[in-house]
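Trainee: Sequence:
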Amino acid sequence: MTGPGDVAGDLDADVLVVGAGPVGLAAAVHARAAGLDVLVVDRRTGTLDKACGEGLLPGALRAVQALGADPPGQPLAGISYRAPGRHADHRFAAGPGRGVRRTALHEALSKRAADVGAQLFHGRVTGLRQDAGGVEVEMVPGGATGQGRAPMTLRAAWVLGCDGLHSTVRRLAGLDAVPGRRAGRPADGRYGLRRHFEVSPWTDLVEVHWSPHAEAYVTPVGPDTVGVALLGPRSVSGAGFDTLLRTQFPELSARLATATAASSLLGAGPLRQRSRRRSAGRVRLVGDASGYVDALTGEGVRVGLAQAEAAVRHLEDAGAYERAWRTATRDYRALTTGLLAWASSPLRGAVVPAAARAPWLYGAVVERLAR
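Residue 193 in full-length UniProt numbering is what sits at position 193 of the sequence shown, and the numbering runs on without skipping anything.
Keep in mind that the hints are not guaranteed to be accurate.
So the derived label-pair ranges between C-beta atoms look like this [to be verified]: (1) 313 to 126: 27 to 33 Å; (2) 243 to 86: 42 to 48 Å; (3) 261 to 150: 39 to 45 Å; (4) 34 to 345: 42 to 48 Å; (5) 349 to 117: 51 to 57 Å; (6) 46 to 150: 22 to 28 Å; (7) 114 to 357: 19 to 25 Å; (8) 257 to 153: 52 to 58 Å; (9) 213 to 132: 47 to 53 Å; (10) 323 to 354: 32 to 38 Å.
To be clear, the hints were calculated from the coordinates, so they are not data collected in a lab.
Being a predicted model, the structure only gives us computed values, none of them experimental.
Ideal Cβ positions, reconstructed from N, Cα and C, are used throughout, including at glycine.
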């Protein structure tokens with residue numbers, strides 16, 4: 001087999017991580033700490049961005065710092081649920097989180113992964129074969145721009161699929177779930193749109209604005225920048241960012257009317273993704289690739305980082321990883337599924353009033369998310 005780096009026996013790496021987002025880079029750092037040779041493969045180059053809310057809740061911030069990275073950003077003191085005339089605020093009991101541009105998070109984790117000796121290779125995965133001793137991964141060097149380049153094969157003892165919602169590894173490993181309707185899952189799926197604005201943050205809270213058909217997440221990510229992520233069904237988000245902001249969130253739209261856009265528009269979806277299981281032979285699915293409910297509770301990074309640590313710790317025991325995965329994602333899956341079912345029902349308009357009437361319950365939920 002041929003590939004970059006030194007070959008130990010017939011292996012190009014002990015662990016091949018597909019996907020250089022935060023979860024993949026965290027998995028690479030954990031694998032290097034375990035003394036394993038690591039190769040990270042991604043079809044994209046440069047600093048990676050993603051349509052997301054960009055709020056690191058306190059637990060997620062601690063997990064990033066425990067990896068040896070400390071990205072710059074804006075302190076986040078809590079979460080505010082808001083609707084016209086009503087709001088419910090809760091400040092984190094254990095200290096602030098941080099609003100961090102996804103590009104800044106990627107740069108910090110990418111540098112950390114490189115510092116500990118993980119290698120990065122630019123390529124697009126096209127095939128996957130397994131045997132008792134390892135996994136052969138077919139790819140085209142150069143990723144999406146690799147037209148005309150000769151395919152190559154890398155061999156690793158283990159493959160971690162950290163390649164996001166529409167995971168190629170999940171599909172190639174035969175782990176895609178059969179599509180079907182699930183309770184709390186809107187018929188046309190949910191999608192996200194995100195853009196930044198040049199404006200001084202007017203609060204140190206993450207604001208979640210609720211409209212009849214969508215949510216807007218406003219996250220301070222710098223002294224003069226806020227990120228706005230809009231979530232809703234395809235039928236709503238398909239109207240476009242500006243139209244959705246103006247029609248669904250007029251108060252927020254008016255506040256941003258004179259602000260200059262500070263980034264290009266990015267989108268993601270459908271958000272709901274399922275996998276049959278998290279392992280197939282020597283392949284493990286990690287992060288969004290392993291299954292995702294929704295961005296409604298803002299826990300994606302924390303949950304993904306916990307999965308990355310568990311995947312490396314249980315490389316040789318698929319059953320143990322499955323159990324650790326369920327433990328790491330249990331609260332996220334239960335809370336997000338429940339809130340999504342509520343938000344998708346005729347009782348959607350009661351979400352913010354209920355939080356305002358029961359601040360103790362709202363605070364308990366926020367603290368659960370923030371751990």
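Trainee: Evaluate each hint against the coordinates.
Mentor: Against the structure, the hints come out as follows:
{"no.": "1", "hint": "313 to 126: 27 to 33 Å", "verdict": "holds (30 Å)"}
{"no.": "2", "hint": "243 to 86: 42 to 48 Å", "verdict": "violated (25 Å)"}
{"no.": "3", "hint": "261 to 150: 39 to 45 Å", "verdict": "holds (41 Å)"}
{"no.": "4", "hint": "34 to 345: 42 to 48 Å", "verdict": "holds (45 Å)"}
{"no.": "5", "hint": "349 to 117: 51 to 57 Å", "verdict": "holds (53 Å)"}
{"no.": "6", "hint": "46 to 150: 22 to 28 Å", "verdict": "holds (24 Å)"}
{"no.": "7", "hint": "114 to 357: 19 to 25 Å", "verdict": "violated (50 Å)"}
{"no.": "8", "hint": "257 to 153: 52 to 58 Å", "verdict": "holds (54 Å)"}
{"no.": "9", "hint": "213 to 132: 47 to 53 Å", "verdict": "holds (52 Å)"}
{"no.": "10", "hint": "323 to 354: 32 to 38 Å", "verdict": "holds (34 Å)"}
In summary, the structure is inconsistent with hints 2 and 7 from the numbered list given earlier, while agreeing with the others.
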